[in-house]
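Student: Now for the letters of each chain:
There are 2 protein chains.
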Amino acid sequence: MKTLAISIGDLNGIGLQIALEAHAIIKTKCKPLYCIKETMLTQGALLLNKEVPQDFTCIPCGKDFKIKPSMPTKKSGAYAFASFQKAIELTQNAQADAIVTLPINKEAWQKAKVPYKGHTDALADILNTQTIMMLGCQKLFIILYTHHIPMKDVSKHLHVKELQAFLLAVQEHLHVSKIAVLGYNPHAGDNGVIGHEDKAIKKAIQKANKALGADVFNGPMVPDTAFTYNNTQNYTYFVCMYHDQGLIPLKTLYFEESINVSLNDKIIRTSVDHGTAYDIAYKGITPSSVSYLNAIDEALLLSDANK
Amino acid sequence: MKTLAISIGDLNGIGLQIALEAHAIIKTKCKPLYCIKETMLTQGALLLNKEVPQDFTCIPCGKDFKIKPSMPTKKSGAYAFASFQKAIELTQNAQADAIVTLPINKEAWQKAKVPYKGHTDALADILNTQTIMMLGCQKLFIILYTHHIPMKDVSKHLHVKELQAFLLAVQEHLHVSKIAVLGYNPHAGDNGVIGHEDKAIKKAIQKANKALGADVFNGPMVPDTAFTYNNTQNYTYFVCMYHDQGLIPLKTLYFEESINVSLNDKIIRTSVDHGTAYDIAYKGITPSSVSYLNAIDEALLLSDANK
Chain E
893 MKTLAISIGD LNGIGLQIAL EAHAIIKTKC KPLYCIKETM LTQGALLLNK EVPQDFTCIP
953 CGKDFKIKPS MPTKKSGAYA FASFQKAIEL TQNAQADAIV TLPINKEAWQ KAKVPYKGHT
1013 DALADILNTQ TIMMLGCQKL FIILYTHHIP MKDVSKHLHV KELQAFLLAV QEHLHVSKIA
1073 VLGYNPHAGD NGVIGHEDKA IKKAIQKANK ALGADVFNGP MVPDTAFTYN NTQNYTYFVC
1133 MYHDQGLIPL KTLYFEESIN VSLNDKIIRT SVDHGTAYDI AYKGITPSSV SYLNAIDEAL
1193 LLSDANK
Chain S
893 MKTLAISIGD LNGIGLQIAL EAHAIIKTKC KPLYCIKETM LTQGALLLNK EVPQDFTCIP
953 CGKDFKIKPS MPTKKSGAYA FASFQKAIEL TQNAQADAIV TLPINKEAWQ KAKVPYKGHT
1013 DALADILNTQ TIMMLGCQKL FIILYTHHIP MKDVSKHLHV KELQAFLLAV QEHLHVSKIA
1073 VLGYNPHAGD NGVIGHEDKA IKKAIQKANK ALGADVFNGP MVPDTAFTYN NTQNYTYFVC
1133 MYHDQGLIPL KTLYFEESIN VSLNDKIIRT SVDHGTAYDI AYKGITPSSV SYLNAIDEAL
1193 LLSDANK
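First to last, the protein sequences are chains E and S.
If you read the first sequence in our numbering, its first letter stands for residue 893, the second for the next number, and so on.
If you read the second sequence in our numbering, its first letter stands for residue 893, the second for the next number, and so on.
Worth double-checking, as some hints may not be accurate.
Which copy? The list can't say, so a pair holds if one copy fits it or any two copies do.
Said to hold, decoys possible - With a cut-off of at most 20 Å between alpha-carbon atoms, the simulated EDC-like pairs for lysine to aspartate or glutamate come out as follows: (1) Lys1091 to Asp1045; (2) Lys998 to Asp1082; (3) Lys1099 to Asp956; (4) Lys1009 to Asp1045; (5) Lys1044 to Glu1054; (6) Lys1099 to Glu981; (7) Lys1009 to Glu999; (8) Lys960 to Glu999; (9) Lys1003 to Asp1082; (10) Lys1005 to Asp1082; (11) Lys1009 to Asp1082.
For the record, the hints were derived by calculation from the structure and aren't laboratory data.
Using the sequences and the accompanying hints, generate a full structural model.
Tutor: This is the structure:
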């Protein structure tokens, strides 16, 4: 049975509740190591009016603080980062096979002066490796070529060499037989009538396929029909040129089920694809654990494939 | 009973077949005037191996030519344009209440030297009026602020005054109680952290609402969660900043059902939201008429609302 390091996320949000409520299922699939001090666990469980399961294995980390439900605080930010660091450490030391992260709050990280915007860029910097952002579920995975940058800057990144290298890195992690690649402009440029970037995308695809000796990458696809029923029956993996090109259809189709995967060559890390949901945290409402359970399953799948 | 002028579209494509097959249903809803010469109708029906219904009212237009199934020809382009012109004429002369257009082929229009890219810009020029492009179905309508322009130029149009005027023009045509307006950047800019355009969108919304004396426009919404189930239960009309922001979710959810509506202050025009489908034209395959029937229904709805 695989061991997973669970980064507990922002304790002022819904993460701990999800971890406690899903534990009974999780423990049938893997051995979870929860990166949280017992004192903090007890405090949180009390606020949630929940019993702590006997076999809930805690790995101490961070400094104790008073949980303030639904508030992005400096202390909750610092704790969430400490938990994430511990999870990375466990995985690097081979005490865990992969990391699953519960949601952090970006504002709390800022307050705690954590020098990262989120898990993905923290991981890339700490491990000193390229990290590719993939989001989705087994039915549809989106791989983002650019993500949290202004829309008007996307075009600057659409060059043949940069994109070709990205495509090859994607396939190095995925090892699948076919991957869809979206165009950039309306109608994928209508043969150069609407913008020029789609020609660069086409060239990058051709060069990547040539380097692989197989037609793995298909495109540039016309963006607005890429996610129709027929096409999603043919493809599971879609490389998208910008954040909303991929995340609009993903969240439109599979909002609750989606997870976030950091593709890199050092550590397997999956995550829920939702936030801290401060609006319902510690309010007696049961949050959905679908994304968390999918993140666990995907981490196990990926660590199986890697062995 | 209302009268609709049917622009027959490219006769080398699937339009005529759809018109013939749907006629039995259409005639129960309205009085259709088909803008096609009887000689051309007979030629097409023969190729399709179909009988021409007795009550299929033809309005002559254009020059006879030999139908070449699945080919974008100069003559098919010229005929499609002549049919469209006739439909406009009938509506302007009050012989018809609205126009419904079957698909044309843009390449054929180019070959025929028709000086327009498509119906929407032809209509705007011929009627000398602003024409707003709305696509969708009764469950979800997308209103495009920009459409067939390169993605890297979208940002240049996101200015308060221009957008505010657009929003007010939209509401002048729709008269509804609430309309969603999408942001532009990932996470609608995350409070200015990712790009600056979303602030202009916010201001334009505020000014438009102030001018209307009611909070009709809501946004800027985070684009990637705008089309989740909960939000589409709350809104039917979505103003989108660029082509694929609106058409990706629309075609992902309602590919077959969608129609195209030209909002303007002179003529009601709806259209199918698919192409000439040369791949199946005159091949004994029955094309879906869902989009055509929806276009008929919407034209009738809009002409009722206008009277």
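Student: Taking 20 Å as the upper bound on the Cα-Cα distance, should Lys998 and Asp1082 be classified as within, between, both, or neither?
Tutor: Classified as between: cross-chain Cα gap 11 Å, same-chain 39 Å, threshold 20 Å.
Student: Is it within, between, both, or neither for Lys1044 and Glu1054, if the alpha carbons may be no more than 20 Å apart?
Tutor: both (18 Å within a copy, 18 Å between copies)
Student: My question is about Lys1009 and Asp1045: at a cut-off of 20 Å on alpha-carbon distance, are they close within one copy, between copies, both, or neither?
Tutor: within (19 Å within a copy, 28 Å between copies)
Student: If the cutoff is 20 Å on CA atoms, where do Lys960 and Glu999 land: within, between, both or neither? Let me know, please.
Tutor: Result: close within a single copy only, 15 Å intra versus 63 Å inter.
Student: Could you figure out if Lys1005 and Asp1082 sit no more than 20 Å apart (CA to CA) within one copy, between two copies, both or neither?
Tutor: The answer is between: 18 Å across copies meets 20 Å, while 46 Å in one copy does not.
Student: For Lys1099 and Glu981, with the copy left unspecified, which applies at a CA distance of at most 20 Å: within, between, both, or neither?
Tutor: neither (38 Å within a copy, 52 Å between copies)
Student: At most 20 Å between alpha carbons: which applies to Lys1099 and Asp956, within, between, both or neither?
Tutor: Classified as neither: same-chain Cα gap 53 Å, cross-chain 48 Å, threshold 20 Å.
Student: I want to check one pair: Lys1009 and Glu999. Are their C-alpha atoms no more than 20 Å apart within a copy, between two copies, both, or neither?
Tutor: Cα proximity of Lys1009 and Glu999: one copy only (9 Å, versus 47 Å across).
Student: Is the C-alpha distance from Lys1091 to Asp1045 at most 20 Å within one copy, between copies, in both cases, or in neither?
Tutor: Intra 18 Å, inter 17 Å, cutoff 20 Å: intra and inter.
Student: Measure nothing new, just compare the shortest in-copy and cross-copy C-alpha distances for Lys1009 and Asp1082 to 20 Å and report within, between, both or neither.
Tutor: Answer is between; shortest inter-copy Cα gap is 12 Å, intra-copy 37 Å.
Student: Have a look at Lys1003 and Asp1082 and pick one of within, between, both or neither, based on CA distance no larger than 20 Å.
Tutor: Intra 47 Å, inter 16 Å, cutoff 20 Å: inter-copy only.
Figure legend: structure checked against the earlier numbered hints; hints not met, in rising order: 3, 6.
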